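Asker: Using the sequences and the hints given, assemble the complete structure.
There are 2 protein chains.
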Amino acid sequence: MYLRCLNTLSAGGLRTVSSGSLAKRFHLNSAQIRKDLAYFGEFGVRGVGYDVHALRDHLTKILGLDRKHNVGIIGSGRLGTALAHYYGFDGANFEIGALFDSDPNKIGKTIGDVKVFDIKDFSSIAKRDNIEVAVIAVPAADAQNVLDLVVDAGIRAVMNFAPVPLKVIDDVKLKTVDLTTSLESLAYYLASDANGKNPKPNSTRHRKRI
Amino acid sequence: MYLRCLNTLSAGGLRTVSSGSLAKRFHLNSAQIRKDLAYFGEFGVRGVGYDVHALRDHLTKILGLDRKHNVGIIGSGRLGTALAHYYGFDGANFEIGALFDSDPNKIGKTIGDVKVFDIKDFSSIAKRDNIEVAVIAVPAADAQNVLDLVVDAGIRAVMNFAPVPLKVIDDVKLKTVDLTTSLESLAYYLASDANGKNPKPNSTRHRKRI
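So the protein lines, in turn, are chains A and B.
Position one of the first sequence corresponds to residue 1 (our numbering), numbered consecutively onward.
Position one of the second sequence corresponds to residue 1 (our numbering), numbered consecutively onward.
These are calculated hints, taken from the structure and not from any lab test.
One or more of the hints may lead you astray.
Repeated chains share a single entry, so a pair holds when one copy, or any two copies, can fit it.
In silico EDC-like cross-links for lysine to aspartate or glutamate, where the CA-CA straight-line distance does not exceed 16 Å [to be verified]:
no.: 1; residue 1: 24; residue 2: 171
no.: 2; residue 1: 61; residue 2: 118
no.: 3; residue 1: 68; residue 2: 129
no.: 4; residue 1: 173; residue 2: 193
no.: 5; residue 1: 61; residue 2: 193
no.: 6; residue 1: 109; residue 2: 57
no.: 7; residue 1: 173; residue 2: 113
no.: 8; residue 1: 127; residue 2: 103
no.: 9; residue 1: 115; residue 2: 148
Owing to the predicted nature of the structure, the values given are computational and were not obtained by experimental measurement.
Answerer: Written as structure tokens, this is what we have:
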């Protein structure tokens with residue numbers, strides 16, 4: 001998030017920025033900002049602020065975003081296809097190298113610029129195209145098998161969209177994004193609010209409802 | 001997640017299930033399961049297990065999933081369009097009622113079954129169609145304005161996909177899903193691992209790399 005903030009500032013021509021100014025611009029707490037950034041080294045000068053470019057370059061490197069990472073998406077259904085088109089997944093830092101599916105009707109097709117390969121060929125394609133990150137966009141019932149398969153192929157960073165808990169070995173980083181559960185948690189909020197269960201720190205609403 | 005588990009079991013014809021069996025099936029811890037479910041009431045019978053249907057119906061109600069919620073998506077770009085098609089967002093518990101955009105070229109079009117309305121008409125369309133949940137799928141720079149607009153229109157549950165921290169009043173539930181940051185955290189894992197910084201609880205790998 002800091003890196004994204006710094007990129008915005010840099011694009012706007014700013015050379016230095018104070019933690020207070022960062023806090024205001026991005027609705028963050030300035031003490032937290034100073035603490036977070038101190039974790040990476042000494043970037044701030046008291047009374048002057050942070051050197052935008054130096055801090056940006058340093059964070060870029062720390063985050064491993066000084067080079068592109070090839071991404072393979074397993075599952076070329078609606079979600080997989082959508083992700084293949086998503087700018088955040090196919091932009092400056094990441095590139096969708098390949099889609100994979102087990103459906104013969106989908107294998108061999110091209111979605112956008114991305115070809116759909118047979119999931120059976122994952123290991124060889126991943127090696128050939130230097131795929132480092134796997135995105136799992138298959139139904140819940142297939143997700144564990146797919147995870148095992150990509151891990152066996154040497155993938156160490158996995159993003160899972162299947163709404164199911166998965167087991168993974170220690171040296172693989174698994175990030176699960178469960179869109180359905182996120183949405184359901186909103187329904188829960190609405191339901192518990194209807195029952196008067198949500199805490200309301202302020203007794204009056206801040207905005208008038210129309 | 002429990003509800004999803006129970007739905008799967010119910011579809012398979014199971015009437016009762018033990019916490020131990022739930023734990024095995026779904027890679028969960030049985031003590032945690034008992035603790036979590038006890039939070040909602042007394043559903044388990046010692047030595048017998050949980051009544052699948054009763055527990056399922058109860059969780060469904062608690063989660064507010066005993067009725068459909070209409071969802072409005074703001075932003076009909078790639079992500080908004082993808083979400084409009086996503087089964088998790090347009091299935092049993094949720095229905096995409098409308099898309100909204102400010103781009104005259106998009107307003108009036110129909111994506112799938114969903115019409116794109118002028119964002120200016122959000123308040124009246126939301127009221128007419130009983131939209132309860134807003135999904136923000138606009139660029140980061142526009143996200144706060146869109147959030148303020150939907151909250152002013154009376155929306156109390158918001159899912160935000162824009163990679164930016166947003167400010168919201170106390171009685172609105174805001175859930176941010178930042179796909180880009182999730183992906184970047186994987187790049188960080190790969191980078192810090194290359195520098196030998198990732199903890200490896202076991203000195204040998206569990207699986208042989210091919």
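Asker: Which of the listed hints are broken here?
Answerer: Structure breaks hints 1, 2, 6, 7, 8 and 9.
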